[in-house]
Amino acid sequence: MYIPRSILMLLVIIYLLFLLTVDWINASGELWYRPFIVGFLVILVASWAHRDQEQDEP
Amino acid sequence: MNFDLTTLVALGSTYLSLLFGIAYITEQGWIPQRVVRHPVVYVLSLGVFASVWAYYTSISNAQREGYGYLANSIGISLAFMLSPLLLRPLLELTRTYQLSSLADLLAFRYRSPWVGTATTLVILIGVTPLIALQIRAVADTADLLSPDASHAAIAVGFCALITLFAILFGTSRKPGRTQHDGLIIAIAFESLIKLFAFLIVGGFAIIKGFGGMDEMQAWLLTQPELLDSLENTNYFSSFHVMALLFFTASVAMPHMFYVTFNENSGRGALSFASWGLPLYFLLISLPVLPILWAGIYAESTAPIEYLPVVIGAAFDSPGISLLAYLGGLSAASGLIIVITLALSNMCLNHLILPLKQPSANKDIYRWLMQRRRVLITALIWGGFAFHYLPSDRISLQVIGTVAFVACLQFLPGILAILYWPQANKRGFLSGLAAGIAIWFALLMLPLLSEANSFSDIAINWREIAALSLIINCIAFVAGSLYFGSTDEERSSADLCTLDTIKRRKRSGLVAKSAADFIKSLSKPLGERTATREVGQALQDLKLKKDDRRPYAMRLLRGRLEANLSGLLGPSIAREIIDSYLPYSIVSQHGSSDVNVIENRIEAYRSNLSGMAADLDNLRRYHRQILLDLPLGVCSLSSDGEIIMWNRALEEFTEINSVDVVGSQLNDLPEPWVTLLKEFIGEDIDHSYKQSFELSNQKRTVNLHKALIEESGDTESPYEGLIILMEDMTETEILEAGLTHSERLASIGRLAAGVAHEIGNPITGIACLAQTIRDEYHDQELNGLAQQIIEQTDRTSKILQSLVNFAHAGTNKLMHENEQVVICECIAQAQTLVSLDKKNRDIKLDVDCDPNAEIWGDSQRLLQVLINLINNARDASQAGAAIILAAKVVGKEVHISVCDSGIGIPNAIKSRVFDPFFTTKEAGEGTGLGLSLVFSIVEDLNGNIDIISPLDKDRGTGTQVLMRFPCYDPTLQKH
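Protein sequences, first through last, are from chains R and Z. Going by my numbering, the residue at position 26 of the first sequence is 26; the numbering climbs one at a time, nothing skipped. So my numbering is basically just the index in the second sequence, starting at one, shifted up by 58.
Isolated chain Z (complex conformation) (with noise of 0.2 Å):
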């Protein structure tokens, strides 16, 4: 096997030029988001984890493990299928708090700008063997094919080619967690080339080189070491612990945090990594036995972890040779990409800005950017320089184990995160320390003394690893037990554990608006760099720049340092909100704030079942009733924020709950904050008709209040208080009017006994004005006495009109129907009406057929006519006619009245006849008239109707038009 170096080389450029010509194509957006943000996009740039170890060590493995080499497979894959016990819960924090890396997000948790550096050291000194292994794969490989090429010319080139990519691609002037489509593309590319090309190795070794399935199987049977190796696979030995050693490095190796956190493409995507990404790594692993069978079949003397490269030159298929030199380019590549970008980060953040921070006149992200791209090229040729450390005895798969045993010591700190509030920093380090300590001494230096295998070494590495992990979760749980946390620790876990249920007090903050934190923020970052986050942190929260409530300002303060610890780390980022923008009052636990609950049980809402769904359920359900409930609730803090203010008190306030929620009550608009404020300063619990002007109407509310009992907060004598607020204007017009109808009915009475009283005399006088008429001669005084029987006999009807009229509506059991002639109901309504002083501008015009009549209560209809006419009235101008008429149309007999006055408008057609409506001023009508006639005239068996406008000209007039059934004599005797 002899290719020429040319040929090497210009496949291994040609190949990375096409992964630059992928990642400048999608940065300049000329392949579409849906693709790029496609959760297949997703699963693949994951499977920058098959790194050179999945593709050239997991031969080796296989060979002395049997299927013991898919516990790298299986470690990966079950952190993925249990991707809600970790994975999940991770991916959420680290979008909360901004958390670029396993360094920041340690740090976050145990509050320490030391856990973060501890984290950055160790996974330096622990992953610079991985890269390491990938450049010296990538050069033996080419050894392999083109025995006369340089192996440090072409790891040199290699790592050039890297470097230039990853600064290209992998670093920009967008703070930490900006994600790189172009980047995340090109590793997407780069893991389908690699699975391509493993694949169909594996094909070839089947086909060519055993010459089908059968063959090979048939040839197995002659191997009885290989069936040896493959019946006897130990699952409870070194398989369960490198399952183990790929389960924690998901989280903690840098490039598995970067893509899987950092790099998610959104919602739905870490489901289908879920089983997406076993997947991958099944097919991905389906290879590895058929290549190692076909390398021992053609008694191949490369080293047995080369054999992809070799098979295919040893069956003479060359091009096979080099597509399986891309796929293992690939695999080193991208791994060494990731991992280099997201330890660039890591460096950054922990090691260089907690000693030099970029003062404010500068740029900070150029600033940043530099110091990223000099860090990614030391790490480059840091691994470069590894790679000649070890012995070239030292095999690959000695090196990778000693990397990913350094990262297992991150597992109890990590689990912690989730799922222990007690643990703490000191606990922490200590468990690090002593793991980390155990490692370096029984692995790390056998390793850098040119050990050949684990075989050569005292205490097998299965042992080391068990050991370090488990003096390492010792000295973890007693440090952190021994040493306790802090009030920071506590709030952080808090913020981080899934159990807990505290949370921290509400504070309110020294700075009260945005432009407050641009001008505290300004001293330390700049006045540039200050207004441009908190820009980006308002439009990230949707929040205007003029709202001024504390609750919002809590939310711009916690988004703030989450930006920052995208930019900064959070170490840096902490320090920095701390400093300048503190809390007015000192935070205390105990008392809850209910929305951060609220939200976070929403988060988990699926997750829950069981006596929790249960109970979430109830909460639900409560909730709603307070939300719906057709009082007005309004609940406060013991603080004075308000916490609820539901949708009645919305209808009537016209606040929405969105604007005051998380607000003092000093913030609310004018009336409502006199009002409250009043009534919780009072020493009483209700308090009714409190009445007030809202956009010139009176308006009268009862209030009540209530505390709410504390629940453990020592501070403070209650949680906070609920105020019930219940609109009373209706009721208190519906009892106006009610007032004003006795009071009519009172002049009613008195009119009734008035007109009686009169009616006596009056009598007796029309009986003397008779007499002198019908005694004496003299015609001229028989024409007096004529008019005064003439003038009596007027006053007789208007007194009898006022009786009966007064008698009306007094008692609905005593109406009685009867035969009534239309015309003469409206004679006395004729009568009536002109008795007001009110009506003497008018023009009543009657026109009425003499044979109309309808069965039913005269004195009722009486009422409902001079309800109309007076309506009439008050809508016509002074002179104007109005119109009654009244006539027989087929059995129906209809009766209007009619006036030229301003019309109804459409809007307001459909609610006239609606109790209390009216559009007279205040004081003038109480609502109820038109409300009266409809019911009436429902009463009377007819209907009614408004036309209007009459003159559509002019839009003017109105006509009501009521029908009745004709009387009927024989009918109505049934």
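Bound-form chain R, shown alone (with noise of 0.2 Å):
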């Protein structure tokens, strides 16, 4: 199974996110916005992650 470094790395990334972030996330009475900035982020680590993906796609 050949999964992409970059893969590997955006998964790893989008984990650790989730670990560090889900708390501040769900902290009372703080901006309702703050699982979009999270969001956010890990579409700019994706975009990063799949910039040199286009070569394999038939």
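Source of the hints: derived by calculation from the structure; they are not laboratory data. Incorrect hints may appear among the rest.
Below, a sample of chain R positions facing chain Z; criterion: calculated Cβ distance under 7 Å [unchecked claim]: (1) Pro-4; (2) Arg-5; (3) Leu-8; (4) Pro-35; (5) Phe-36; (6) Gly-39.
Built from N, CA and C at the ideal position, the CB exists for glycine as well.
Dock chain one against chain two, each of which comes alone in its own frame, and use the hints as you go.
As structure tokens, then:
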């Protein structure tokens, strides 16, 4: 099974971000859109991870 | 809130008309292809997945589960972010084998029409509630905005327009996998509209509803229940099961499969969507909480999921309500159109065609299009009928979840396509049956018996989903291991699985040409369809019509199966291909098709890392060595098929590798087929100096062969054969030249010996003649003696020249430089060439400056002059004059040999001094003469030029001009 390194890194980053931010997101009375900030960060990392994957598409 | 029904109908009709218009102008080519094929359009068309579920149901989910409503966005986003693990390999498979639906894909992998049929039926049953959900949402929201409107009339009108649109822009006479640009642009436009509408409504909720972000935040702090739901979102409960449902839905839901794989706009689109689609879902999830809170703040009594369409009216902004309604209409219509298109293909390929196929004398394309249209109509109106079945009390969330859990049952089968070669159809069908049985008993039946929410069902939906999936997996694995795979299943697993290294052995086909293919396929498809399909396959593969290589025929067979699969589904296509285009030899596992393996590795090369990447680099290095080897390399399979034909062999044989790789040895042109076949037939590993004629020239090669040891195939004694071909033609010429030179040297030595032996009696004769002249006073006798003396002098000079020439060039160490008088050298050359019978017809004109002297070896200069005079003679006509001139120009002596012959063409002028280059007939020249001249002139510190043509008008005549430093006594002493 071939897993590109960038995708492995993406998986690790998503997991670590989840662990780091879950309490921050759920903090009582704080800004409601915090999950979206984390989501946006993950999407930025994903766009970086997929920057060189185009050549493998059929 | 009470809108006029006419307003709603006008709004809906105008919007759908706009969709028709967009699709129409796209189909007409008025929108540039770079726009239509842009990855952004692909991402927006994937936004079809954000249906009524994302638009309405997420509001009620947010109220109940806090941030848990994001699970669906996270599930679908993960599927795309991790696309190299699932979506990308599946995209390659569906592209290669023209698989247009999940049923096609599973039927192709598990090699069973039953798998396709079962998949279609389950998806049909599972997805119908989803279609019903869309229709109901449109009718319900219209009810809310215009309570006087007839729910049924709105649903009927909506379904009628959607049916018309899907038929007009989703079906054509083209094969199933053909992309529908008009449809995709329209769907992308719909996704844009619903995103825009939802964001506007969300912004409205914050600004108009609360008066700003700070006010909303302050209000939220006063709502302990809402805060509690946000703070206590359970990420380890239903959240991740919901995420898993939507992860699976990215492949299992027919509309997602259709847009992701069938309408992929090409290179880079999926990579772009890998982050573009998550961004789309992030944006569309953003307004959910503000809309929910604004609805609660306004104390709306409408169902929670429909808050987007009511908060506008709640805050005295009916325009916002209409915009939200439009967004909901977009979400519902987009999904229904795409899902029914995808389902119609599945039903046609797996429910209709297995029972009834068009006869060969019908227009198959038209027949298929008509049935597809009927199916689309039936599916939409089936969804319409279903939306009446569940009670109005059942929430949209319940209906949607039931549909998604049904699709979850395909997850094991989908993952096994890529990652478990041992999976087989019996295991798959066992698992699917077990999972669906649990789903039907515990989810579908309660739904039909009008349960309002999952809390009314004894077991909650999360546990049912997990239970059905676990039972499914157990039955799948147990069934697959118990029953074992057939050869066909193993073969298709080889094609699909990422890890396998086994590939089908090369096999010959009964059909040997494209014409044979058409003839065979005319029986099931009719001549017109067969001709068109074979022509299309040839065009896809860029093959010529007259190509007869077995490799090309195998490619053509595979391509035809793929194309027919797109048209008729994989099961029917395989049946037709297996029946009418059979292999002549039964395929076996074990041996490998190098080309297939290499193509596959090439496709994944950038995914390789660590040792796999090192091995790939090593493979490329070794392959490059073979390709660039200056020896001809040809490798053959055990059945005589040419596997490799390297560059040296291409140059030597003037046959391109693309023309012979994949063909049989017997298909090679002469003389290669005879040469190689005879060598292979001989019981020797090396064959030296095999001569043959090629383009009227004699060529010589050395041949070597070695067996490639077998690699696990018990059927064949060896994997193949490798043949090395060494071009010995130049070596042969060199050897002939050396032999010739040696023979000339022998003759020279013989001539010198003869001259020496003749010289003594001549000297005696000259002495006697001198004695007679001096001793006798008879005038007549003295005259005769004088003549004898003159003739003996002449004879001596000739003999001396012969001796000198014979000694020239025998040993370089013997050459000693001296003062050379050019005129004497020219005179000697003149004497020697006059001895050759060939030179009797030529006229030598000498124009020599007596002061022309150089420092050098007179004998080597003599050899230069003789070679040049002989060349000039060969180029001149009989009786023509050759001019030898020597003059002093400054500090140089210029010696030239001019003729009036045919001249030297510009194209070969730069090559005349190359060894073995000759324009003379075979056997008349060695090609070494001018090379030797060049070498001697360089040794004598001179240089040489060729001026040709001398007569520019006629293009005739050549002058060979040599320049040497003048003899300088003071300088030469040192």
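Hint check:
1. At about 5 Å, the closest approach between the beta carbon of Pro-4/R and any beta carbon in chain Z falls short of 7 Å, and the interface hint on this residue holds.
2. Using the Cβ-Cβ criterion of 7 Å, the hint placing Arg-5/R at the interface with chain Z is satisfied: the shortest such distance is roughly 6 Å.
3. At about 9 Å, the closest approach between the beta carbon of Leu-8/R and any beta carbon in chain Z exceeds 7 Å, and the interface hint on this residue is violated.
4. Look at Pro-35/R: its Cβ gets to within about 6 Å of chain Z, closer than 7 Å, so that hint holds up.
5. Interface hint at Phe-36/R: satisfied, since its Cβ lies 6 Å from the closest Cβ of chain Z, which is below the 7 Å cut-off.
6. The interface hint given for Gly-39/R is met, as the beta carbon of that residue sits about 5 Å from the closest beta carbon of chain Z, less than 7 Å.
The structure does not agree with numbered hint 3 stated previously, though it agrees with all others.
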